[in-house]
Amino acid sequence: MTHDGGKFHLQAASFEELAEAVTTRLTLAAILANAGELTMLHACGIADPLTGAVVALVAKSGTGKTTAASVLARSYGYVTDETVAIAHDGSVVPYPKPLSVKRGHSPYKRQVGPDELGLLPVTAMPFIQSIVLLDRVQGGPTIAPVLEKVPLADAVLALLPETSSQAEIGAPLQSLCHLIDDVGGVWQVTYSEAEDLPAALEPLFREQPRQEPAWEARIAENTGTGDIPQGWFRRAAARDAVAIGGDLLVMLENQVVRLSGIGPAIWDAAAAPVPLEDLVEAVAKQHGTPEGYRAAVERAAQQLTAESVLEK
Amino acid sequence: MTASSFIPGSPVRNALVSWEKRLFEELAKGSDLLCVDVLGVQFGVRWGRAVTRQQREGMSAAWSRCASVRQLMLPPMPEEPTAGLPFTRRLLTGP
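Which chain is which? The protein sequence lines are A and B, in order. Following this note's numbering, the residues of the first sequence are numbered contiguously, the last one being 312. Following this note's numbering, the residues of the second sequence are numbered contiguously, the last one being 95.
To be clear, the hints were calculated from the coordinates, so they are not data collected in a lab. Possibly wrong hints are sitting among the right ones.
To be verified - The calculated label-pair distances, taken between Cβ atoms and stated as ranges, are:
(1) 37(A) / 64(B): 18 to 28 angstroms
(2) 87(A) / 57(B): 30 to 40 angstroms
(3) 57(B) / 212(A): 49 to 59 angstroms
(4) 57(B) / 219(A): 22 to 32 angstroms
(5) 175(A) / 57(B): 38 to 48 angstroms
Said to hold, decoys possible - Covered stretches of chain A, going by a simulated chain B footprint (3 or more residues, C-beta under 8 angstroms):
(6) 30-36
(7) 107-115
Backbone N, C-alpha and C define an ideal beta-carbon position, used for all residues, glycine too.
All chains should be modelled from the sequences, with the hints used to inform the complete structure.
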């Protein structure tokens with residue numbers, strides 16, 4: 001396969017392999033083209049046929065998205081089984097691609113059109129109404145679906161790995177927090193049978209009360225640049241940071257870290273290069289001076305340095 | 001090369017044979033394009049010779065809900081880059 005300025009040449013040993021590669025390549029190319037413009041969740045999307053309200057069911061590959069879509073879209077509109085793309089105004093760009101269905105022992109999935117599966121079309125302008133994490137329980141006894149709210153920090157950390165190019169969006173963590181507030185928080189549904197999902201998710205197609213922000217943005221930029229004096233600390237460059245409760249989520253270049261306990265105080269104090277003593281003082285000011293606190297700050301600073309949150 | 005360079009009215013000629021003639025030749029061979037809109041991006045997929053009409057039609061049906069409202073027209077290729085392989089297809093993005 002080659003890529004040459006928008007042209008792609010694909011080859012395969014069988015048509016099934018080729019068809020699957022076409023689907024994958026088209027999806028990836030479209031995601032890259034929309035990077036920084038749309039929030040793209042790795043999710044199946046189902047829409048209320050009358051209102052256009054979309055429920056996005058977020059899950060990793062192979063954990064039930066396509067099955068859920070093929071069941072739910074017999075009574076709701078089929079938006080996608082792959083990527084729910086959300087614009088700034090909350091509108092959803094439909095991607096009603098063929099569903100990739102496993103077939104026997106073939107290593108390649110068959111690309112089956114939604115019409116062939118009898119899935120309903122989306123007839124109203126789709127917009128995001130709810131976001132749900134799919135948690136399918138397999139191998140045990142059948143359980144009734146359980147729907148529960150996910151705490152904000154957990155929701156952000158669960159959604160981020162299931163987004164595409166979120167880091168390309170301005171203030172990526174804040175943007176995601178705004179989206180979560182707008183849809184009234186993130187839900188998780190734990191279930192064993194996809195057939196039970198329509199009834200369990202029915203309330204989520206109705207308007208959810210907007211969630212009041214339970215987070216605040218933190219300035220992620222460093223105030224000090226240049227060399228760090230020997231033995232001093234400075235936080236690493238971050239794309240974005242949000243405080244949620246007593247925790248701090250920091251998006252670095254290649255990862256998101258959650259700082260708890262004295263971690264946020266250390267991060268706040270290290271915007272410019274500082275000696276260990278300044279970190280100790282900042283932590284003491286916020287958390288008091290219990291026995292051994294000095295050693296605890298030193299250990300935490302070393303640990304954060306090892307995790308690339310701080311630089312020495 | 002983008003698809004918009006090859007919309008009707010903007011014929012592109014190569015040294016060997018006129019664009020129109022090769023287009024008709026390709027149409028006669030049944031190498032129709034799959035034109036789809038994926039998240040607002042237009043794509044044209046040209047199948048290789050080894051892909052049968054039934055397989056092409058099956059993919060068109062499977063992708064029908066993503067069908068592009070704008071039918072892209074791509075120039076015929078002087079030679080398929082992977083013509084010697086069993087299953088090939090060429091894919092070009094629109095503007």
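*Distance restraint hint 18 to 28 angstroms, applied to the beta-carbon atoms of residue 37(A) and residue 64(B)*: Because 26 angstroms falls inside the window, the suggested range holds.
*Verdict for residue 87(A), residue 57(B) (Cβ pair) under range 30 to 40 angstroms*: Holds - the Cβ-Cβ distance for residue 87(A) and residue 57(B), about 33 angstroms, lies within 30 to 40 angstroms.
*Lying within 38 to 48 angstroms: is that true of the beta-carbon distance residue 175(A) to residue 57(B)?*
holds, 42 angstroms
*Starting from the hint 22 to 32 angstroms, judge whether the C-beta atoms of residue 57(B) and residue 219(A) obey it.*
Violated: the Cβ-Cβ distance is about 57 angstroms, outside 22 to 32 angstroms.
*Hint says 49 to 59 angstroms; check whether the CB-CB distance for residue 57(B) and residue 212(A) agrees.*
holds, 53 angstroms
*Quick one: see if chain B covers the region 107-115 of chain A, three-plus residues with Cβ-Cβ under 8 angstroms.*
holds (count 5)
_For the region 30-36 of chain A, count the residues whose Cβ lies under 8 angstroms from any Cβ of chain B; is that count three or more?_
Coverage by chain B holds here, the residue count being 4 at a Cβ distance below 8 angstroms.
Hint 4 from the earlier list is the only one contradicted by this structure; the remaining hints agree with it.
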